[in-house]
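Visitor: Chains as they are written, first to last, in the UniProt record's numbering: chain Z, 1 to 687; chain B, 1 to 326.
Derived from the structure by calculation, the hints contain no laboratory data. Among the hints, a few may not be true.
What follows is a list of derived Cβ distance ranges for each label pair [to be verified]:
1. Gly30(Z) - Ile103(B): 35 to 43 Å
2. Ser126(B) - Glu532(Z): 51 to 59 Å
3. Arg13(B) - Gly12(Z): 48 to 56 Å
4. Gly184(Z) - Val35(B): 19 to 27 Å
5. Trp13(Z) - Gly101(B): 50 to 58 Å
6. Glu291(B) - Arg411(Z): 18 to 26 Å
7. Glu17(B) - Leu120(Z): 52 to 60 Å
Think of the CB as a built atom: it goes at the ideal place given N, C-alpha and C, for glycine as much as any other residue.
Single-letter residue listing:
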Amino acid sequence: MELGAPLDRVEGWDKVAGRARYSGEQRVAGVCHAVAVQAEIAHGEVLAVDATAARAVPGVIDVLAYGDAPALADTSDFELAVLQSPRVAYRGQIVAAVVAETLEIARHAQRLVRVTYDELGHDVELTPDHPGLYRPEKISPDDPPDTGEGEETPAEVSVDVTYETPAFHNNPMEPHATLAVWEGDHLTLYDSTQGAAAQRDALAALLGMPAERVRVVAHHVGGGFGSKGVPPRPNSVLAALCARRVGRPVKLAVTRQQMFSITGYRTPTFQRMRIGASKDGRIADIEHHVIEQTSTAREFAEQSGVVTRMMYAARARRTTHRLARLDVPVNSWMRAPGECPGMYALESAMDELAEACGIDPVELRIRNEPERDPDSGNPFSSRRLVECLRLGAERFGWSSRPEPGTRREGRHLVGMGVAAATYPAAARPAQALARVADDGSFTVSIAAADIGTGARTALTQIAADALGVPVARVRVEIGDSALPYGPLAGGSMGNASWGWAVLRACEGLRDGIARYGGAEPGLECRADTSGEIKNQEAYARHSFGAQFAEVRVDVDSGEIRVPRMLGVFAAGRVMNARLARSQFVGGMVMGLGMALTEESRMDREFGDYLNHDLAQYHVPVNADVLGIDAIWLDDPDPHANPLGGKGIGEIGIVGAAAAIGNAVHNATGHRFRRLPISPPSVIPHLP
Amino acid sequence: MRPFAYRRPADARAAVEAALDAPRAMYLGGGTNLVDLMRLGVAEPDLLVDVAGLPYDTIRETGDGGLEIGGAVRNSDLAAHPAVRRDRPMLAQALLSAASGQIRNAATVAGNLLQRTRCAYFQDVSKPCNKRIPGSGCPAIEGDHYNLAILGHSAHCVATHPSDMAVALTAFGAAVHVEGPGGRREIGMPGLHRLPGDRPEVDTVLDPGDLITGLTVRPLPFAARSRYRKVRERASFAFALVSVAAALDVEDGTVRDCRVALGGVAHAPWRAERLEEALRGRPATEGSYAEAADAELDLAEPLRDNAYKIPLARKVIVRTLAELGG
Ligand SMILES: Cc1cc2nc3c(=O)[nH]c(=O)nc-3n(C[C@H](O)[C@H](O)[C@H](O)COP(=O)(O)OP(=O)(O)OC[C@H]3O[C@@H](n4cnc5c(N)ncnc54)[C@H](O)[C@@H]3O)c2cc1C
Ligand code: SF4
Chain Z
1 MELGAPLDRV EGWDKVAGRA RYSGEQRVAG VCHAVAVQAE IAHGEVLAVD ATAARAVPGV
61 IDVLAYGDAP ALADTSDFEL AVLQSPRVAY RGQIVAAVVA ETLEIARHAQ RLVRVTYDEL
121 GHDVELTPDH PGLYRPEKIS PDDPPDTGEG EETPAEVSVD VTYETPAFHN NPMEPHATLA
181 VWEGDHLTLY DSTQGAAAQR DALAALLGMP AERVRVVAHH VGGGFGSKGV PPRPNSVLAA
241 LCARRVGRPV KLAVTRQQMF SITGYRTPTF QRMRIGASKD GRIADIEHHV IEQTSTAREF
301 AEQSGVVTRM MYAARARRTT HRLARLDVPV NSWMRAPGEC PGMYALESAM DELAEACGID
361 PVELRIRNEP ERDPDSGNPF SSRRLVECLR LGAERFGWSS RPEPGTRREG RHLVGMGVAA
421 ATYPAAARPA QALARVADDG SFTVSIAAAD IGTGARTALT QIAADALGVP VARVRVEIGD
481 SALPYGPLAG GSMGNASWGW AVLRACEGLR DGIARYGGAE PGLECRADTS GEIKNQEAYA
541 RHSFGAQFAE VRVDVDSGEI RVPRMLGVFA AGRVMNARLA RSQFVGGMVM GLGMALTEES
601 RMDREFGDYL NHDLAQYHVP VNADVLGIDA IWLDDPDPHA NPLGGKGIGE IGIVGAAAAI
661 GNAVHNATGH RFRRLPISPP SVIPHLP
Chain B
1 MRPFAYRRPA DARAAVEAAL DAPRAMYLGG GTNLVDLMRL GVAEPDLLVD VAGLPYDTIR
61 ETGDGGLEIG GAVRNSDLAA HPAVRRDRPM LAQALLSAAS GQIRNAATVA GNLLQRTRCA
121 YFQDVSKPCN KRIPGSGCPA IEGDHYNLAI LGHSAHCVAT HPSDMAVALT AFGAAVHVEG
181 PGGRREIGMP GLHRLPGDRP EVDTVLDPGD LITGLTVRPL PFAARSRYRK VRERASFAFA
241 LVSVAAALDV EDGTVRDCRV ALGGVAHAPW RAERLEEALR GRPATEGSYA EAADAELDLA
301 EPLRDNAYKI PLARKVIVRT LAELGG
């Protein structure tokens, strides 16, 4: 099957038949189970850990706590310096661990561990005028927190509004799990991670070991959405420490509840948008001021304002990021960090501007299309936003969009909304090895990660295409740090990075075969893309898209349902239509949750996220997902990378919440500026 | 999970006797609530007496048009029964609006009635909660209560009862059959579930060892026109923000009789008796429905973040009655 074709997942049968082993399902002899004990204060110090009762439970092997846990070599990252200090930086932090013969015994004994604390007052609430707001040195991944270009000029039309988003938790289906096995001074971690090689390097540094003595295996990963990225999460470190201490393999599976404190989440935000424009909608000045939280345990500055630096052709652009350092769990990557919350604010403000100018929101965006990247001044490698908007508008029936608050069908108010989407397209250096196997088939190896995206399948197609052989003759090995180096699955860069190396290795092998005069078993070719990537030309590389949503708001209950969504994307070349569609649609579903149902609620008194399970944290269910469709332009981008792909994992969530919010405004005539938009906030604004 | 013993008695009497054997014995129905609470450390029984397989698992139509429902009947089976779907749509709708298909297939009628509150503090043993540990305090009053009670709560507890089915049964005035250490008795609904008062740790009027063996739903012909309306921000698999079970008997444009109960608003499924009284004999118009709803909701005492439930309940009551009133 050719590149782009909707090939089924190559490991699909293994998954449905239960043969595919996830980290927590790996079996080794002599395994025992660890369970983390978590802090019950949000700020302070552990005074003592009394494990007498826990140790007395038959089957308990050991209890680890600060003071007697094995030492780590590097304790510079407090979040990963597990059990290395008595300090408690947030509620839910790991303060001890129980290791036992069975999981049930470990969980029972965990409740018997008595921890006493010296409790200090805590500050867990982000407010827009928090007295501790500061400017971080940089924002993720490595950008200036503030930018300012151009002179402000008096505007004919202006919008000055603030949007508020709550904390969101990633909630991949597979909770984080680790099996740690020491053999002499070698450590193998079966770990649910988005990057085996990065995880190995980080763990080796923490443990003070050379990277060669650590191996991380992650054959199958049940979703991550950033929560299994780098730096590692403390549970992986804890598993390694427990296994070293008891001298046996240790399995540690994080519970769903624990995921709300130790595996990351998206910061809440307050985002002030100021836009000044002429009456015909041309933006003169645009400002995006972001307020977010970070944990005292580790700084993470989500780059929510970056989209306003490059999205529209404004003469003057100003962005700032300010953080409050709180006694809260460590926030980190969640699907499209930066772009996702940032585009919610920008694209909602664009809708408000369109209304203020009396211009159709699709047309408004077209009018502000820049010729070059306003931020870097570089040309775009390709930018087909306008086509996405036009095609989407036509397919969606945009021209039938009503005036705000005017369309009523029975007991429902009906409205439509649009938003643009964007996501950067980059690639990281990678290595791959392609070789002819003994039976004449081909094996391609790279420490890539398939976190449920279908990466293994797409790489198989890329390899088969480059080798000029059917996919059935190619086997791709991934998910193991012992394989040639591959960067982690993140930033929508996975496929571009790994695919590039796989392409080069397979091209090289094909040449080798031609030179040799046949596919001789043992022939191989190794590729490394770092040189090529370093020498890439200066382009602004981004994917673009347009999101359309129709909502129905129940006038009695304030319930909002989304009968239709359409995403149109220009995201480079698509390697597998089936996988791409599910990435786009999956992102849009996550955006639906962000708009209407998801919210991690901080408990002020105790300092943790209260609704810490899937019965209380409401991700959309099937009944919420009605007519969601995603289509894309045929868009190979030769300036992106030799494959022409730009990455599709994240753009689906970008703009989705804004499109829904804008549709709710169109339906009700009221502007809701805080997510999620749900009956409690909608009720007062119904007719 | 704390270690526990497990028994599977053959009949109701044996179950009651088995439960007397251990100080913290609990009955196990489908386990969809109890097992979760055991994992969370909220419930710590030393003995589970499995009653899901007891022989009271049938639905019988009585000669007069009533229903006898066994306590071990599964939620899905009750929702699918023709006499429920045809004559009591609000009960079928309430059942089907709850949880997920998988949970309804496992959950029993008795277990559904006795499921515990979903208050987040109650489910987190690292925090105080008067219902879990009497006298430890109620953090929900100052904390997170956007989905807790507006009616009948106390300074000790503001939790809500989460069952949908129980709301419809309360509208019907179902009778609960109990087999206890002291013999058999019947408890009418409302009346099974208590308001929290100063003893929120006690959900119901049942005594230790009491086993629910079944229910009687007496005939209510006008309930063939009845509805259950449940409001929640996601379309399925969520507990109610507010729900309404209503049956209406209208003749010549006048309300002859009606039954209304509310869910998501109180520690017990809430029979709207004042509303019913205010509506009987009144014209079947939106104006009367709204006045009647106000008569009930005037009792409401919202907390800081759940006042939205009052207009929400009002609108949904009015709409549900209007749809039934034709
Ligand atoms: C994610 C999720 C979502 C849900 N959503 C909803 C919803 O939207 N609406 C809703 O109404 N419900 C919902 N439920 C709750 C579900 O309806 C209950 O868990 C179920 O009805 C309980 O029945 P069970 O037989 O499993 O009870 P169990 O869990 O077995 O028992 C519950 C309680 O009843 C006691 N008990 C059981 N049988 C008897 C008996 N015969 N006599 C005396 N005591 C007994 C037990 O000791 C225990 O205290 C949800 C549950 C989950 C997990
Ligand atoms: S409302 Fe009731 S259940 Fe919730 S914390 Fe207060 S006492 Fe506990």
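Visitor: A separate judgement is required for each hint: does it hold in the structure or not?
Guide: So, going through the hints one by one against the coordinates:
At roughly 37 Å, the beta carbons of Gly30(Z) and Ile103(B) sit within the given window of 35 to 43 Å. About 52 Å separates the C-beta atoms of Ser126(B) and Glu532(Z), a value consistent with the hinted range of 51 to 59 Å. Judged by the Cβ atoms, the range 48 to 56 Å given for Arg13(B) and Gly12(Z) holds: they are separated by roughly 53 Å. Restraint check, Gly184(Z) to Val35(B): a C-beta distance of roughly 42 Å breaks the suggested window 19 to 27 Å.
Between Trp13(Z) and Gly101(B) the CB atoms are about 26 Å apart, so this pair departs from the stated range of 50 to 58 Å. At about 21 Å, the CB distance of Glu291(B) to Arg411(Z) agrees with the hint of 18 to 26 Å. Hint check: Glu17(B) to Leu120(Z), Cβ distance near 53 Å, so the stated range 52 to 60 Å holds.
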